[in-house]
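Construct the complete structure from the given sequences, taking the supplied hints into account.
Line by line, the protein sequences are chains G and W.
Per the working numbering, the very first residue in the first sequence carries number 1; after that it's consecutive.
Per the working numbering, the very first residue in the second sequence carries number 1; after that it's consecutive.
Mixed in with the good hints, there may be bad ones.
Any copy will do: because identical chains look the same in the list, a pair fits if it lies in one copy or spans two.
30 Å max Cα-Cα, derived BS3-like pairs, lysine-lysine [stated by the list, open to error]:
hint : residue 1 : residue 2
1    : Lys339    : Lys57
2    : Lys192    : Lys105
3    : Lys308    : Lys271
4    : Lys186    : Lys65
Rather than coming from a laboratory, the hints here were simulated on the basis of the structure.
Number of protein chains: 2
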Amino acid sequence: MSHLYFKVDVLEQFCRDAFQRFGFSEKESKIITDVLLTSDRYGIESHGMQRLSRYHKGIESGMIKVDAVSEVIFETPVSAVIDGHDGMGQLIGYQAMKKAIDKAKKSGMAIVTVRNSNHYGIAGYYARMACDKGLIGLSFTNSEAIMVPTNAKQAMLGSNPIAIAVPAEPYPFFFDASTTVVTRGKLEMYRKAEKPLPDGWALDQDGNPSNDADQVLRNIVSRAGGGIMPLGENEEISGSHKGYGYGMICELFTSILSQGLTSNHTHTGGKGGTCHGFIAIDPRAFGEPEKISQHFSAFLQELREAPKADGRERIFTHGEKEALAMERVETEGIAVDQKTLVEMKQMSEYLGMDFSQYFGRLFLEDTGYESIYSG
Amino acid sequence: MSHLYFKVDVLEQFCRDAFQRFGFSEKESKIITDVLLTSDRYGIESHGMQRLSRYHKGIESGMIKVDAVSEVIFETPVSAVIDGHDGMGQLIGYQAMKKAIDKAKKSGMAIVTVRNSNHYGIAGYYARMACDKGLIGLSFTNSEAIMVPTNAKQAMLGSNPIAIAVPAEPYPFFFDASTTVVTRGKLEMYRKAEKPLPDGWALDQDGNPSNDADQVLRNIVSRAGGGIMPLGENEEISGSHKGYGYGMICELFTSILSQGLTSNHTHTGGKGGTCHGFIAIDPRAFGEPEKISQHFSAFLQELREAPKADGRERIFTHGEKEALAMERVETEGIAVDQKTLVEMKQMSEYLGMDFSQYFGRLFLEDTGYESIYSG
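This is the structure we're talking about:
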């Protein structure tokens with residue numbers, strides 16, 4: 001799988017134009033694009049450009065309704081429940097976190113839950129929205145069932161990420177992770193590379209451990225059973241019930257408090273039905289924000305400076321890798337793999353866009369890129 | 001290690017009287033006792049009677065100040081920061097969660113953080129306090145550093161449990177777990193049994209995996225390095241950075257938002273300095289509590305009824321094991337191991353209590369128990 005590198009503004013213009021052609025407004029297209037490219041900027045390739053085809057398919061099939069207007073169905077000064085009416089997840093998520101931030105600024109903290117949405121990109125984007133305003137942000141989403149609870153053989157929970165972002169220096173604390181041991185994207189990488197899965201990741205249709213990425217992924221698609229283990233694998237001795245528990249916390253702040261579909265009922269009958277949750281907390285509710293940030297930053301620095309294990313070079317604090325990736329993207333551009341480029345080409349043809357207008361012949365000649373899509 | 005079984009009310013009277021002799025009021029002694037016995041009732045032996053000697057030592061050494069009066073140092077309608085002034089953790093925790101509950105009932109949700117406290121028993125007790133009032137409760141505590149962050153060789157975070165309790169039928173959802181793969185108590189059990197530790201639990205002083213419970217525990221006590229791995233072990237491939245991340249979330253809601261001591265600075269120079277965090281959320285902020293509880297209960301039932309993996313008999317939802325343990329305690333009593341009984345005997349002698357008044361000769365003759373403490 002080889003990658004080509006593109007400047008952020010080229011991909012940005014392409015995405016914005018594409019989403020406008022799908023029928024989103026200029027402002028909406030800008031938000032969706034920002035969510036997707038933030039993922040690539042953070043080095044999380046799986047949730048950036050690579051996901052364009054998923055949104056393309058979702059819109060084409062009618063699962064994602066371009067004209068949906070989300071509706072606040074319940075509200076207090078510290079909370080709200082939003083019905084997304086099957087709209088684009090990024091737009092619903094953006095609106096919901098904005099509401100949580102506004103309420104938290106007035107009340108100190110707020111939780112907004114969402115039902116009837118669709119995939120909203122990286123959970124961390126919304127947590128960062130709050131953090132960029134000086135607040136603590138948390139973001140949760142359920143998703144198509146893929147996590148097999150301890151002792152089960154059927155996936156009942158989604159990858160159910162929990163993301164949190166907290167103001168700190170020199171960069172925010174930023175933790176965004178699925179509550180499964182890995183995400184489906186990791187299994188797909190192993191399948192592409194034709195490598196056996198590491199132990200402790202996946203289960204076959206009978207609930208037994210499996211190293212066969214292709215089989216596990218086919219079972220997931222056909223809902224034949226099996227799936228991915230919770231963080232902590234599939235035995236209590238390694239903490240399986242804990243990963244399953246964190247997955248449940250995610251379900252609580254998404255499907256339960258919005259009274260929407262739990263992961264095991266999403267993505268059936270042509271409906272997404274994804275649920276999200278957003279929490280914003282103003283550190284001013286606990287004292288002087290600068291002092292709190294300094295206190296946290298000092299601890300993060302102690303962690304980075306702690307003695308390293310034999311053979312380990314660096315202790316990372318959460319958010320450090322994303323900060324490094326952002327620096328890299330500034331100079332190198334965003335890496336997009338060839339398969340994704342082919343999908344982007346197909347999408348642009350579907351939308352009647354001129355692909356070469358964005359990615360040009362000069363680029364192609366320099367990189368041998370033409371062969372990818374002229375074939 | 002053999003156990004003796006005692007009726008709850010016998011242990012209850014013993015503890016209440018003991019804590020009163022330590023200088024706590026009748027009401028305070030009742031609260032401390034309830035926290036400890038709730039742990040035993042839930043089948044979490046490590047945090048019940050077994051911990052009495054730790055409190056005894058803490059009070060005797062002056063780390064726990066019996067006369068401390070905790071102080072609210074910052075407050076808003078949705079939040080508070082409490083300085084525990086080195087008092088008894090259970091009393092400070094009880095007061096703090098009570099405040100969070102009161103605020104949540106008025107405002108919809110609240111977060112109360114605590115600094116300068118001591119060990120407060122099971123985190124779940126306080127989460128259940130909120131749940132018993134129809135609210136969602138969360139409880140966090142940091143503790144003496146024992147978790148080695150990914151790539152480090154020195155413990156920097158505590159076992160840092162996160163507990164959550166949510167109203168549901170037929171019993172609440174109740175999840176209370178350390179963010180380390182296991183707690184120190186588990187290592188102590190392996191040492192007592194002279195069994196090698198399972199892979200993926202502990203690290204030696206150089207940060208290499210270790211199966212030697214005795215060595216790891218001695219290193220922890222002498223602060224020679226090493227400790228327990230985060231949930232997800234010590235490699236990113238198994239999700240080490242995720243367990244470390246959940247440990248950081250615990251640190252945020254305890255030491256950071258109270259501006260207290262982070263785990264790596266607690267328990268030095270004769271001071272505990274433990275920090276806690278308490279969150280209460282009123283489901284009324286999201287709609288009708290009954291409907292939310294029904295929705296959640298239906299999902300929990302689906303989980304219990306999901307197809308089982310080969311060779312597995314039962315899928316548990318969180319809180320089910322505690323509910324079963326409580327039923328068992330009703331008929332069987334609470335199991336207390338002999339070593340703990342010896343410590344209780346020593347404590348009663350220190351306090352000038354008549355041990356046999358509580359545990360009687362009849363009991364002793366029936367069980368051969370006398371030999372334990374008459375020697």
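Structure-based check of each hint:
In this assembly of identical chains, the alpha carbons of Lys339 and Lys57 lie at most 30 Å apart only when taken from the same copy (16 Å versus 64 Å across copies). Taking the closest pair of Cα atoms, Lys192 and Lys105 never come within 30 Å of each other, the shortest separation being 46 Å inside a single copy and 53 Å across copies. In this assembly of identical chains, Lys308 and Lys271 lie within 30 Å of each other by CA distance solely across copies; the values are 27 Å between and 48 Å within a copy. Taking the shortest Cα distances, Lys186 and Lys65 sit within 30 Å of each other inside one copy (29 Å), while across copies they are farther apart (51 Å).
Of the hints listed earlier, the one the structure fails to meet is number 2.
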